Amino acid sequence: MVAEVACVLTVSERSASALLSDAQVLTTALPLTLDALQAGTISWQHARIMADETASLDPAGAAGLEAHFLDPDAPDPARGCPAGALVPGRFRVKARTWRERHHPVSIEKRHARCAADRRVEFVPDRDGMAWLNAYLPADTAAGIWERTTAEARALQSPGEARTLTQLRADIAATWLLTAGLEDGGTAGGTAGASGGRTGLGGAGGGVLSPRAQVLVTVPVLSLLGATDEPAVLDG
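Numbered according to our numbering, the sequence shown spans residues 57 to 291.
Accuracy of the hints is not assured; some may be wrong.
Pair by pair, the computed Cβ-Cβ distance ranges are [claimed, not checked]:
#1 C63 / A186: 14 to 24 Å
#2 P144 / A190: 36 to 46 Å
#3 P131 / R209: 42 to 52 Å
#4 T273 / R166: 12 to 22 Å
#5 D127 / R152: 15 to 25 Å
It should be emphasised that the hints constitute simulated quantities derived from the structure, not laboratory data.
Every value quoted in this text rests on a predicted model; they were computed, and no experiment measured them.
Glycine residues also receive a C-beta, built at the ideal position from the N, C-alpha and C atoms.
Make the full structure from the sequences, and use the hints.
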């Protein structure tokens with residue numbers, strides 16, 4: 057089935073599998089979202105976000121999230137712009153905020169459970185390419201992203217033809233393939249974290265190891281102990 061859909065839509069099997077998964081959720085568990093999508097009041101991106109954010113909720117929680125954004129007669133409907141009028145990124149933020157505030161399981165327990173599922177995946181793609189995906193705790197992933205971005209920006213110059221995106225990819229590949237090896241270490245070693253140069257060669261030759269900055273926004277009422285609303289990792 058996945059291969060057939062991928063062939064008809066001329067997309068990768070990975071994309072086809074995600075499409076079928078979202079379609080199943082919409083047709084079996086999210087009636088309000090499906091109705092809104094069919095009516096044209098929300099986009100496919102909004103529907104996918106709704107499917108993502110209700111994935112770990114029980115049926116009652118999923119129905120509550122749907123009703124909040126898509127049912128104007130709900131006990132506590134969303135105020136301001138309707139869901140379809142929000143850009144997808146903004147809608148995701150609002151949907152995730154609602155999910156965090158109403159989830160029956162504490163963020164500490166959910167994080168511990170999900171962190172146990174951390175992994176790296178290799179997904180072959182077309183034309184001699186592949187995806188390397190890492191599922192990590194948010195602070196770790198944000199630190200890696202910021203560190204890679206900082207180094208990529210440092211290597212940009214009038215004579216550098218690679219884009220920022222290409223530089224990130226080249227630097228990450230260099231770090232992963234050569235970290236610790238030039239000093240006689242093993243692949244399990246880590247690049248220097250002191251902010252100096254690691255001496256790595258290849259596409260990221262002479263790369264820096266800047267300290268990553270991870271920003272967390274904590275609601276003031278949580279700081280005062282008046283609520284259990286979780287902090288938000290910026291970005």
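Query raised in the report: Against which earlier hints does the structure fall short, listed by number upward?
Result: 2
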